[in-house]
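Student: What follows is each chain in one-letter form.
Protein chains: 2
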Amino acid sequence: MKLYDNRQAPNPRRVRIFLAEKGLAIETVQVDLVAREQKSEAFRRKNPLGSIPVLELDDGICIAESVAICRYLEELHPEPALFGRSALGRARVEMWNRRVELGLLGPVGQVWVHGSPLTARLLTQIPAAAELNRGVVARFLAWLDRELADREFLAGEAFSVADITALCTLDFATGLVKITVDPALANLARWHAGVSARPSSRA
Amino acid sequence: MKLYDNRQAPNPRRVRIFLAEKGLAIETVQVDLVAREQKSEAFRRKNPLGSIPVLELDDGICIAESVAICRYLEELHPEPALFGRSALGRARVEMWNRRVELGLLGPVGQVWVHGSPLTARLLTQIPAAAELNRGVVARFLAWLDRELADREFLAGEAFSVADITALCTLDFATGLVKITVDPALANLARWHAGVSARPSSRA
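Residue numbers (this note's numbering), protein chains in the order written: chain A, 1 to 203; chain B, 1001 to 1203.
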């Protein structure tokens, strides 16, 4: 199998970190997002929606969507479990992963497409939408900081895919999207330092 | 266990249909969204993000996020499988469920919050954001129509949670959000008639 990847984008990094946590190494193919290669006819045969990451299996079947890829890898390589243990544990990981996706990744993405000079050529930007979502991001991070007061990881005592989503989102936000995180959010900073210290974060 | 629910909102309906497909009946508690009951201090003790649905277990533990709830129910009651069968089948359901969430439910939600007179009191609406997302919705539905040309259900030959997400989103879009679907999308119309004919759709 091989992974269609890009070193700058947050979603393929989620899969790379997931692979690293599992101790797996697979072939990666870099997709040139600046040249819009993901929107080409050739790539749309792998994923008609023209987005990455995509996992291509040896028989040519393609799986798109970061979490669908990660779930597939979890089924093939169950340990260490990154989607939780027990029915309730797995529900909690799913809940937290979705909270981060809906409450943080989505809004950060809106700031990116509507507020960055790097995406201005892709659509008619709506500056008010960027501004609105900056506020959403700030409020979500403040809430996340309070939630992290009493535990090491987002979904409890074990590192999970929810931490991967949050790490990739936060690094994308403070990197390419140039969002500043309030340094007073000490629990968030402690969590970020912890997950960034894992070798997988360099994937 | 009981479900914190609302009859007009699309996300709790996803869980109700899921329960109906499983043949399960559980207690539901109606949450008054017009009165913003979901944002009350009492409700935030169940879900700090102040959203529904929430599944409350008999010991008081609460699971938020529709898909986290559905996954928990799938673990307790595996049949009929609504998240797919086999590693690849489950990856495909996850991929399709996410495609519908990201490509349709998200944009329909943006039209709702930025374009409906019913939500005008909740935020400073950005009419351009509503308009932009109307276009996103129209293009996604046209693509979905082409995808549905050669199969009965979104993720393949079996009804899945991806169909539930799409049904609830489309009915919400054409209902409260007042989005008109191009009647030329014949495959989409055939799919919609099929899933709407299932008894669970009345849940």
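FYI, nobody ran anything at the bench for these hints, they're computed from the structure. Quick caveat: nothing in here was measured; it's all calculated off a predicted structure. Even for Gly, the Cβ is constructed at its ideal location relative to N, Cα and C. Keep in mind that a hint or two might mislead.
[To be verified] Not the full set, but computed from the structure, chain A residues with beta-carbon under 8 Å of chain B: (1) Phe43; (2) Ala68; (3) Arg90; (4) Glu94; (5) Gly103; (6) Ala129; (7) Val136; (8) Ala138; (9) Leu141; (10) Val181; (11) Leu185.
Student: Out of the numbered hints, which ones does the structure contradict?
Tutor: 1, 7, 8, 9, 10, 11
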